[in-house]
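Could you slot chain Z onto chain B? The hints should help.
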Amino acid sequence: MLSNKGVMILFTLLLALMLTIMPMAIKVNAFRPDWVLIVMVYWSMALPNKVNIFTAWIMGFIIDVLLGSVLGVHAAAMAMVVYISAANYQKIRNFSLWQQALIVGVLSALYHLLTFWMEHFLTKVPFLMSYLYPVITSLVVWPWAFLLLRKIRRHFGIK
Amino acid sequence: MEPIFKNEAAPQHRLVLVLFFSVALIFFDHQLGTFDTFRGYLQSVVSPLQYIANTPKQIMTWASDNLMSRRLLIEENQQYKIEELKFKQQLQELTILKQENKRLRTLLTSPVRPNIKKMVAEIISVNNDPYSLQVVINRGTNDGVYEGQPIIDDQGIVGQILHVGTNSSRVLLITDLSHALPVRIQRNGVRLIATGSGRLDRLTHNFVPHSTDIHTGDLLVTSGLGGKFPEDYPVAKVLSVTQDESRPFAHVISEPVAQLDRLRYLLLLWPLKQHSIFSSKPTHKKVSKIVPKGNKKPFKKKSKQGSNNAL
Chain B
1 MLSNKGVMIL FTLLLALMLT IMPMAIKVNA FRPDWVLIVM VYWSMALPNK
51 VNIFTAWIMG FIIDVLLGSV LGVHAAAMAM VVYISAANYQ KIRNFSLWQQ
101 ALIVGVLSAL YHLLTFWMEH FLTKVPFLMS YLYPVITSLV VWPWAFLLLR
151 KIRRHFGIK
Chain Z
1 MEPIFKNEAA PQHRLVLVLF FSVALIFFDH QLGTFDTFRG YLQSVVSPLQ
51 YIANTPKQIM TWASDNLMSR RLLIEENQQY KIEELKFKQQ LQELTILKQE
101 NKRLRTLLTS PVRPNIKKMV AEIISVNNDP YSLQVVINRG TNDGVYEGQP
151 IIDDQGIVGQ ILHVGTNSSR VLLITDLSHA LPVRIQRNGV RLIATGSGRL
201 DRLTHNFVPH STDIHTGDLL VTSGLGGKFP EDYPVAKVLS VTQDESRPFA
251 HVISEPVAQL DRLRYLLLLW PLKQHSIFSS KPTHKKVSKI VPKGNKKPFK
301 KKSKQGSNNA L
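Quick note, the sequences are listed as chains B and Z, same order. Be aware that the first sequence starts at 1, since it is given in the numbering used here, and climbs by one per residue. Be aware that the second sequence starts at 1, since it is given in the numbering used here, and climbs by one per residue.
With the rest of the complex left out, here is chain B:
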């Protein structure tokens, strides 16, 4: 992954991490899209031989460190979600942009439910609907993120 032009993949992932922890107004904070998840799903779908479950797990681990949650929670959720997208990459590639967005919405919902279940198992947090708000924004952001990432991939010729 670190080889020629694979650095761009790392760069997009770092950017996504930065957007994940960037301070935002408290009202819009609950609606923050799952940037890392979107970028991970795109790369695992476009280049399944370069970006795989291990990458996803490491990204999830970094999110755990950045957010201060119990180590392994986001890592496990991210790995499972990327497993689904990586196992079905040939099908997802052939969907239209909005169908893909729906699938990303479902994946994002799964991601948040998985983290909620694990957190609930560990600390008995109550469920709030606001945990699922990022699903809506991730769904809306997907087409633009997809087009941008595809442009990056084609421009730099990442294979």
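Don't take every hint at face value.
To give an idea of the interface, some chain Z residues facing chain B are shown, with a C-beta separation under 7 Å as derived from the structure [unchecked claim]:
#, residue
1, Val18
2, Val46
3, Val126
4, Tyr131
5, Arg170
6, Gly198
7, Asp261
Computed spacing ranges between beta-carbons, pair by pair [claimed, not checked]:
#, chain 1, residue 1, chain 2, residue 2, range
8, B, Leu128, Z, Gly33, 45 to 55 Å
9, Z, Gln12, B, Leu10, 25 to 35 Å
10, B, Leu10, Z, Thr37, 24 to 34 Å
11, Z, Lys237, B, Lys151, 48 to 58 Å
12, B, Lys50, Z, Leu225, 20 to 30 Å
13, B, Ala25, Z, Leu225, 30 to 40 Å
14, B, Ile152, Z, Thr55, 16 to 26 Å
15, Z, His251, B, Met129, 17 to 27 Å
16, B, Lys50, Z, Thr55, 21 to 31 Å
17, Z, Pro11, B, Met129, 27 to 37 Å
18, B, Leu10, Z, Ile59, 24 to 34 Å
19, B, Lys50, Z, Ala63, 35 to 45 Å
Listing some non-contacts, in silico: residues in chain B with all C-beta distances to chain Z over 10 Å [to be verified]:
#, residue
20, Gly6
21, Met8
22, Ile21
23, Ala46
24, Val73
25, Arg93
26, Ser96
27, Trp98
28, Gln99
29, Gly105
30, Thr137
31, Pro143
32, Leu147
33, Leu148
34, Ile158
Calculated directly from the structure, the hints in this document are not laboratory data. For each residue, glycine too, the CB sits at the ideal point set by N, CA and C.
Just chain Z now, kept in the frame of chain B:
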């Protein structure tokens, strides 16, 4: 050309492996807490990322600070001058009170309250994980920050240090689900535990008997019993007390006095161990130091017995 069939591990096997890793991590981190020092290192590794992610916000605040109108600045200046006058007057009172307190304490032969060390810290990122309420500040082990250190803002107690990196550290807010601190009602000294609710503006109090003298609007201050937080700092104001006799305990909710949703500058405290008049006096320690090592144990036992008799 890329080979079509690669001799790689199947995704299922990878998933199983990775999930096994995660479960092990969760177990070691949550149940055993073996990663506490390791997390400090991780915190220092990722802190550049946090500093970079914070720059847009800093540029915004810099811009808003520099693009203020003259009229606003003059107004603000006037306001500060008036406040300063008030504070200076209070300071005069405070010095008199401090001296008086010192005198009274020496009369009681209890140790004088020392001045505690403080340091200002700035927030560099607010956690956006909905499950835990934390913020990251720009101080770390380089500044002498340690785990479990109390943190206040200009209103009251904010939280305590969770993980320390070299130049940034993580603060657990008092309203986090996993946080609780001993408090007492300022009016009458009744002790309670303030448990976080997971919501930024709510604290709950469990196991409060129906007969407790507690009302809406009571100020809760730290009792200093846990040994982590210094005594008598404001924590919360009681919002509601529901005394439903069909339940075993009264339902008490309070709101933190520190505005946890608009924190910017915080104050780190280095509280010193306080000796109450009932604990063994520092003079005892000096004596035990002089006594040779062999005699140390019997002496300690004796002093314990003495205190038991006194009680």
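Now the hints, each set against the structure:
| no. | hint | verdict |
| --- | --- | --- |
| 1 | Val18 | 5 Å, holds |
| 2 | Val46 | 5 Å, holds |
| 3 | Val126 | 6 Å, holds |
| 4 | Tyr131 | 4 Å, holds |
| 5 | Arg170 | 5 Å, holds |
| 6 | Gly198 | 6 Å, holds |
| 7 | Asp261 | 6 Å, holds |
| 8 | B:Leu128 - Z:Gly33: 45 to 55 Å | 27 Å, violated |
| 9 | Z:Gln12 - B:Leu10: 25 to 35 Å | 26 Å, holds |
| 10 | B:Leu10 - Z:Thr37: 24 to 34 Å | 28 Å, holds |
| 11 | Z:Lys237 - B:Lys151: 48 to 58 Å | 54 Å, holds |
| 12 | B:Lys50 - Z:Leu225: 20 to 30 Å | 56 Å, violated |
| 13 | B:Ala25 - Z:Leu225: 30 to 40 Å | 38 Å, holds |
| 14 | B:Ile152 - Z:Thr55: 16 to 26 Å | 23 Å, holds |
| 15 | Z:His251 - B:Met129: 17 to 27 Å | 24 Å, holds |
| 16 | B:Lys50 - Z:Thr55: 21 to 31 Å | 30 Å, holds |
| 17 | Z:Pro11 - B:Met129: 27 to 37 Å | 33 Å, holds |
| 18 | B:Leu10 - Z:Ile59: 24 to 34 Å | 25 Å, holds |
| 19 | B:Lys50 - Z:Ala63: 35 to 45 Å | 40 Å, holds |
| 20 | Gly6 | 14 Å, holds |
| 21 | Met8 | 18 Å, holds |
| 22 | Ile21 | 5 Å, violated |
| 23 | Ala46 | 14 Å, holds |
| 24 | Val73 | 6 Å, violated |
| 25 | Arg93 | 16 Å, holds |
| 26 | Ser96 | 25 Å, holds |
| 27 | Trp98 | 27 Å, holds |
| 28 | Gln99 | 22 Å, holds |
| 29 | Gly105 | 18 Å, holds |
| 30 | Thr137 | 13 Å, holds |
| 31 | Pro143 | 24 Å, holds |
| 32 | Leu147 | 24 Å, holds |
| 33 | Leu148 | 19 Å, holds |
| 34 | Ile158 | 13 Å, holds |
In the structure shown, a violation is registered for the earlier hints numbered 8, 12, 22, 24, in ascending order.
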